[in-house]
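**Student:** The listed protein sequences derive, respectively, from chains V and E.
Numbering-wise (the working numbering), the first sequence opens with residue 116 and increments by one.
Numbering-wise (the working numbering), the second sequence opens with residue 114 and increments by one.
Just so you know, the hints here were simulated from the structure itself, not pulled from any lab data.
No incorrect hints appear here.
Below 25 Å or equal to it, Euclidean Cα-Cα: the simulated DMTMM-like pairs (lysine to aspartate or glutamate) are:
1. E/Lys540 <-> V/Glu192
2. E/Lys540 <-> E/Asp474
3. E/Lys540 <-> V/Asp194
4. E/Lys540 <-> E/Asp482
5. E/Lys540 <-> E/Glu483
6. E/Lys540 <-> E/Glu363
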Amino acid sequence: MIPGGDSIGIVIEMDDVGVVANGVTLLAPVSVTTSAGEALVVRGRNGTGKSTLLRVLAGIRTPSRGTVRVAGEAVAERDRGFRRRVSAMIGLPPMAADLTVLDHVTLVATTWLDDANEAAGLARSVIAELGLDALVERFPHELSSGQTQLFGLAVVLARPFEVLILDEPEQRLDPEHVEAVVRVLQARRDAGATLAIATHSAVLADRMADQTLSLDTAA
Amino acid sequence: MNGRSQAAQRIWRARHPRSRGDRLFVAYAVLMVLLIAIAPVVRAVWFSATSAVGVALFASSAASGVAVLITAVLWSGALLLGRDRGPALLPPFLIHALGTSDLPRSVVLRGPVLRAGALVTATTTCAAALVAGSLASHGLTGALGLGVFVLTGVVVGIVTTVAWLAGQALPRLALPIALGVIVLGVVAALVPAAQPFTPWGWVGVAYPGRGSTPPVIGLVALAAGSIAVAPPLLNGLRVAELIAQATRWESASTFAASLDLSTAAALYQAHPHLGRRLRAVRPARPLWARFLIRDAVGAIRTPGRLIAGVLALAAAGTLLTLALTPAAPGCLLGALAGLLAFAGLGPLTDGIRHAASVASDLPLYGIGDEHLLANHALFPLAVVVVVLLAAAAICAIVIGVTALAPVLSSFALGLLALLARVGNALKGPMPPALLTPVPTPAGDVAAAARVAWSLDGVLLATAAGASAALTVGSPYPLIATAAFLVSIGVHRWRHRR
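Looking at chain E on its own, in the form it has when it is part of the complex (with noise of 0.2 Å):
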């Protein structure tokens, strides 16, 4: 690195100096949490990848047609990431200060992205020697297969990380590149012979136990030339953007770290821009359809948001199906549904947001609260139902299997989804209860309290994808989770101003 963007970047990080003691201290918390939290999760999920039904999870005939669509999906993803936070980031004045300088920013910026690239790399290397290494202790694949994998691994975390700087520096670019790359992974998915035509293919191709010739020359060669288009990609960052993402990021962080996880979220909503012309409200008609078409066409200005909340729902439909299915995870993908569907809805329920922040402000319509958020839940209601069903419905008669099931385990699954949306909405600020310190030997447990209500919409949701897997079994869970829902909004609601 450039001598003076070192010493610049030494005086920054000079300003909190920490003493021995602290870092000591700061090493123990580190090793603790490694050892308390990371290593039974980890733990757990090595013996689930090794058990018969993991193994058999990733030496199904499906498995590298979905390790070819994990990876376009990733790599599109990454990409779209990059438009709004990209790995080239340092604090805002220290951007402004190296950017502003004739310092190149391939110097300036190397440090942020070479550590977001080490977090990117370790986590698919290890999630690819986690299938291989799950195959080879069955003695599915060889030490060979096992070893290619894992620098398949390295490779797809290197270009996951130059997509996302791509991301970051061709916005404009990164939409439609993202959307080929998501269509021909689905093709090469699909299509196990276009496989070895495309970079995401070759990891089909890579994949243990499947017997090809393993496209070692390519993968690097990928790895290699996506390492050289890095400098020109920093190079070409506008600090002006660099900044506004930076500002953004930080604000978004101070949010989060107080737990404030919506405003936090809401930073990064897409405004819309398009659709201003469409008329979204029709005073002729019946209060509910105005409400109705209102947000309807509230969603459709930002056609990226409702597309992707759309899909998500879809996805859910299909995941709570496959749930019900004998032998299948029922649980994990259940809570994957659940987990999916409270993402899902998130595009939808700008209305029922809207409502809350109305009903705890001063009044601005001429009906009732209550009439107010009923009439702004139509519209995700009608959605989620729709979308959900179908989804289960298609997927069912796809695998074969009876869609009753599925289909009641689905319009379950959306109510209780969309229940805890408004229940998020109307959450308001943190209880002062828990902000009282729980001094325990393994430290403050009101703490862990503070992030579940943080993040209680979606463990609600996760239980309920979770609990409306096991309604076939038994239907106490989904109806536990809807009461607590339904206590926990009814609670909010009285307590809104």
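Chain V on its own, in the form it takes in the complex (with noise of 0.2 Å):
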């Protein structure tokens, strides 16, 4: 289940939004807004500030100028309401060893939904939508690089959200991959989700983007 947001309003509110630290600029000072059931994929060269703006908008990072609101709201990753509109990867999520890909899976879908047999079904259509049926009994360390990208984005995407933000999902996947994941997120995108991906990748940019903010324009 997606809840879809507001379709007609705002999701994403970025206004001159920028952090330094120490001294060095890691996001030159960016504004855009992200409307429900859109894709912003964020672009630019290494070391422009993507993964820096996700984490802001993650809540994971204070910005140093501008203000951030999500759905209206000011971030705040401690916050419940927040945590529940908001799904992201930004780097692998932590895994535990000694559990299998579908026990991670079922897991995380069981401690967002009520019903056990909506939260088992959300996990194992989320499986097979990434292609990893038959890596279900496998544990993390058996994974190779690609399969653990497609199975830490099985991970975030098992909850219901408002908002997925996503740091590079291409990494370390070959093509026909790829192109499952942009149909995956199509699919979110298209229920209503609003998106926010950083990328290098121009297969997903041109097939999600609703909008593109460049950030080496920004810099």
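Two independent chains are provided; combine them into the complex using the hints.
**Tutor:** Structure follows, in structure tokens:
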């Protein structure tokens, strides 16, 4: 289940947001708004601040200037409502060495959904969408780097959200699996979720972007 | 050693040539460490060993059986250790360069094995000399008994080294052999009549003051046989496994040198391979039961770790009960119990470490961080309470003391050791303040603070064990340790991101 946001409202608002640490500019000031059911694609060379921007949006990095709002509220990663609204993968999520792929995805789903059958069904469907069916009984250390990337995506997709934040979801994936990820993300966007994706993949950007924010020009 | 191997190792050693001044400084530093840190400890150990309590311990009727058991545990432990980190190890590149050449591995790897063997043999010999010397100092054994037991220490060291190498060369056989040695070791420890028929039993026969004929020929033959099988074992080592062990050891050493001991230890944590079809997540269960089952199934998937953890907890409960008996060295046994409780909780607290990792990262679960941590604490809490209390109660019944104090002390120790584990999981990077040097005439004391910070979980669990052993006399040390553990945990929780 992916509850959609307000279909006409603005979901992501970043106004003159910049990050400076120890005198070094990590993110030059940027402003952007994204509505429900849209995908914002962030592009730029290495070091231009793509991941920093996503961290600010996910509430794990405080901007040095500007304001950020998600669904009209200030970002606050410790706020339960914010956590329910936003799912993010910036780097791989923490994994438990003693759980299989299916265990991980099901456990995450069961902590978000009250109905056990619904949680199990969501876990299975996400796994199937990402083509991980054959790997459900594997432990994390038994996955290749590309499989681990897909597994990480499955973990953050196995829950309800209004905003999905992904940092280079195409990392370590072959073209066939990049296509699979595009299809999965398009389905989430079409269901009403708002996406913010940083990527170096032209395929992902071309197929997903409702608007593109280039940090090369911002920097 | 073969000339080509020597030449290669000479080039390797010449990477970082040391000036004469550097070498003198190293010699000075070693001498200072020996005088300031090692010598007082050696002196204290000798005085403890030769005190009335120490001599009574070594002269007790159970002492030779304990020596047999320790030997069996040492040899089986060496076999198991070799599977992950054997004595035949060089830096990864050197292993690659020499291991893929046509040089015999018995030549290439002789040096590291001899160095490891010298260290192990020196340790076992010193331990044997300490025991025999303690007894001789009170006239409980003569020069012959002392000499034979020191010789026994040498043999135990040699066999330990070869068992360590055997574990590295034959990793699959090592586990069943180690289990067999442990089982037969327990039998030999409990049945003195069986001791002359097993190599570990010979240690019991040679124990000073027993009055039995020492099996000198058997011991010498055992040492000679062990040395003889070392070259074939070395030649049987596979280069891929050698490189894997060397690489892992190099990474672990790097992490340990930077005092990141958790990461260093995690490199040696067993990966699960069993029980992948067990349902770890039962969505229909209440949330607390879901996490309890998930953690229990997770632990079962590495059964060796789980069994080791439970045995360590049982030993902790037993030691704490013994610590509470009159005339026992309560503080020492309690500290050992704390150490074992902390170690035993390691395999049971993977869930807590995962919760701490999630709590310092992006939100993943649909429950709060506090709730997640509390749910993951249920499984280790249940196991530690059941195992520690059962071990304490059984031990109290066996030795004929009232079970109330041991059970209550064990309960307190279990809780505090779990708190120490939670604090350890939440530790995060070292506070920058500790990196500031604090120069004194004795050196940089901030180094000691950094070591204490990196080992605080172990040290506090050890303190908790010692305090728990003193609860009958005074509860204040235990209360102080608990307050310190809670304050550390709360501080780290608040600063987890």
